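Input sequences plus hints: build the corresponding full structure.
Order-wise, the sequence lines are chains A and B. Numbering of the first sequence is given in this note's numbering, commencing with residue 1 and proceeding in unit increments. Numbering of the second sequence is given in this note's numbering, commencing with residue 1 and proceeding in unit increments.
What the hints contain is simulated information worked out from the structure, not anything from laboratory work. Not one of these hints is a red herring.
One copy or any two copies: either way a pair holds, since identical chains are not told apart in the list.
20 Å max Cα-Cα, derived EDC-like pairs, lysine to aspartate or glutamate: (1) K324 / E298; (2) K324 / D294; (3) K69 / E138; (4) K250 / E198; (5) K261 / D271; (6) K69 / D253; (7) K324 / E28; (8) K311 / D276; (9) K73 / E138; (10) K243 / E209; (11) K311 / E35.
None of these values were measured; they are calculated from a predicted model.
2 protein chains.
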Amino acid sequence: MSFTQSILEGNRLALARLLTQAENDSAEGRAALTELFQYTGRAHLIGVTGAPGTGKSSLVNQLALYYRKNTDKKVAIVAVDPSSPFTGGAVLGDRVRMRDLSGDSGVFIRSMATRGALGGIAQKTASLVQVFDAAGYEIIIIETVGAGQSEVDVARLAHTTIVVEAPGLGDEIQAIKAGILEIADILVINKADRPGVENTERALRSTLELAHPTKRVVRHHGATMSMAAPTIDSTMWIPPIVKTIATEGKGIDELVQSIAKHVEHLRQSGDWAARDHARLGSEMDLLIREALMDRFLENIPQKKYDEMIEKVANRNISPYEAIKLLLNGNLK
Amino acid sequence: MSFTQSILEGNRLALARLLTQAENDSAEGRAALTELFQYTGRAHLIGVTGAPGTGKSSLVNQLALYYRKNTDKKVAIVAVDPSSPFTGGAVLGDRVRMRDLSGDSGVFIRSMATRGALGGIAQKTASLVQVFDAAGYEIIIIETVGAGQSEVDVARLAHTTIVVEAPGLGDEIQAIKAGILEIADILVINKADRPGVENTERALRSTLELAHPTKRVVRHHGATMSMAAPTIDSTMWIPPIVKTIATEGKGIDELVQSIAKHVEHLRQSGDWAARDHARLGSEMDLLIREALMDRFLENIPQKKYDEMIEKVANRNISPYEAIKLLLNGNLK
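See the structure below:
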């Protein structure tokens with residue numbers, strides 16, 4: 001049986017091998033992904049993001065458990081840890097997480113320790129997601145840590161983005177600064193047994209109204225808008241706020257219901273296809289940039305490139321001038 | 001007087017205009033930066049990063065105040081807010097921050113609301129920093145929010161990277177996950193009057209030893225290493241842990257001393273030049289990628305590109321195949 005055939009038939013060892021190849025962006029990985037691409041497009045991609053300390057990992061754990069207990073869908077988890085430029089991240093994640101889900105062959109967990117390269121996280125995550133999608137994992141949860149640009153980029157990969165907050169983690173200014181509320185399809189207040197949960201909910205509601213001014217307007221004019229064509233339906237989704245206590249499994253059923261409603265909304269509004277399209281478009285954009293850079297570096301002697309950086313470092317020439325010289329000397 | 005001349009002579013309006021041009025990466029901005037580049041390389045770039053809620057902004061505020069009161073150096077602050085894909089961030093930052101520093105013509109504060117483009121944050125920050133450097137700001141503080149990849153990238157810009165923690169913000173696993181400890185030249189425990197400060201310090205010390213195994217070894221063999229050549233000096237820097245209460249201005253003098261020691265270390269070890277070199281190298285890398293992509297998009301009809309994405313979205317062709325076709329059809 002061929003390598004890709006093994007993956008389609010659920011061989012976990014082959015899957016693990018391809019995941020590694022995809023993460024390393026190896027030639028074998030690209031070849032297999034090219035073959036397998038036709039089998040993708042079936043999975044529901046769920047992004048889970050939020051600041052450290054919100055209990056994201058527990059929530060992802062519980063979500064996976066819920067889907068495994070109540071559906072026959074296979075679940076993949078891609079945990080994107082922020083890059084450590086020296087040793088790579090993902091130190092304890094797997095072990096902590098595996099406790100509840102280990103032994104279930106319908107679950108596959110992959111922690112990703114990304115290393116440095118700009119655009120690397122989004123591109124590698126996209127590849128891993130494609131592998132899982134082709135391998136028949138119908139629920140793929142992408143968990144990202146933190147609240148930076150890379151998280152926003154990764155969230156763009158998902159059909160449904162869940163932003164996790166917790167009571168008592170800084171004030172409203174922080175929430176606005178973080179800016180990721182605006183990418184939320186569903187808001188979760190985890191650790192909802194903690195004091196301050198009402199304040200967090202109030203702050204989230206007012207921030208939501210700042211972040212989605214068009215949606216607030218839509219809500220005010222609900223009666224009129226309900227007669228409009230389904231094409232404007234995409235503006236009608238108001239992110240619900242779901243309270244959970246992940247460590248006790250509380251609120252997970254409600255969260256799963258909200259996710260299902262969002263899927264229904266995506267299907268009816270045409271946003272499912274639109275997000276798919278946008279995601280593949282930005283993936284291609286990244287791949288083209290890489291390919292162009294590779295080609296450029298192949299065509300230029302390393303020594304000439306280093307000399308140019310040296311000139312820039314000595315302030316003999318500006319970066320823009322250096323690049324003009326490099327590009328015109330080699331690709332004109 | 002020419003535009004660039006005005007900037008060199010300290011005209012704040014001209015400076016503000018060029019900052020906007022640099023952030024928008026406009027042709028005028030590039031031209032002015034090209035002219036001004038020869039005047040850069042004098043500033044000390046200090047990166048300040050850490051999770052939300054650690055009080056970074058107050059700390060940056062206090063640092064700037066300290067340098068203004070105790071030196072004759074001009075201070076610039078570049079606050080990098082995470083991107084909001086919809087409205088742009090940086091909502092309240094300026095106003096909150098300006099209270100203490102406003103009215104001092106030796107201080108210039110710039111909040112940056114970055115928008116989406118991969119690599120955009122690092123590239124734009126590099127441009128703003130160059131502008132301030134040319135304009136004679138000898139201390140440039142780059143403040144980043146969050147703990148993601150983009151923060152690591154921005155930290156790479158700095159000569160000295162300060163990572164800010166605070167007591168009671170999650171546990172050791174979170175600290176390891178965040179992974180940014182490994183980029184720290186100086187660790188600050190802010191809000192050091194809060195309970196749990198000893199635990200935070202202990203956790204940081206043990207994480208530091210995980211993060212810098214080579215440094216621990218160096219410390220163990222200190223007697224032997226002290227006879228070695230100064231070129232290996234760069235492994236000798238053990239990130240100090242400084243406790244501060246920024247809102248009361250406590251610990252700032254100690255922090256400034258640590259920064260000064262780090263500068264001395266950078267100068268003696270040759271790391272100052274090495275970091276400068278590496279920074280300009282990655283800046284050029286980003287600029288080349290942009291230039292290559294611009295050239296590619298100029299040479300390909302939008303319609304053909306869109307059709308290709310459509311084929312990929314319909315799973316008629318894989319992304320890798322699509323890119324091969326696009327590249328060979330246009331740049332061979």
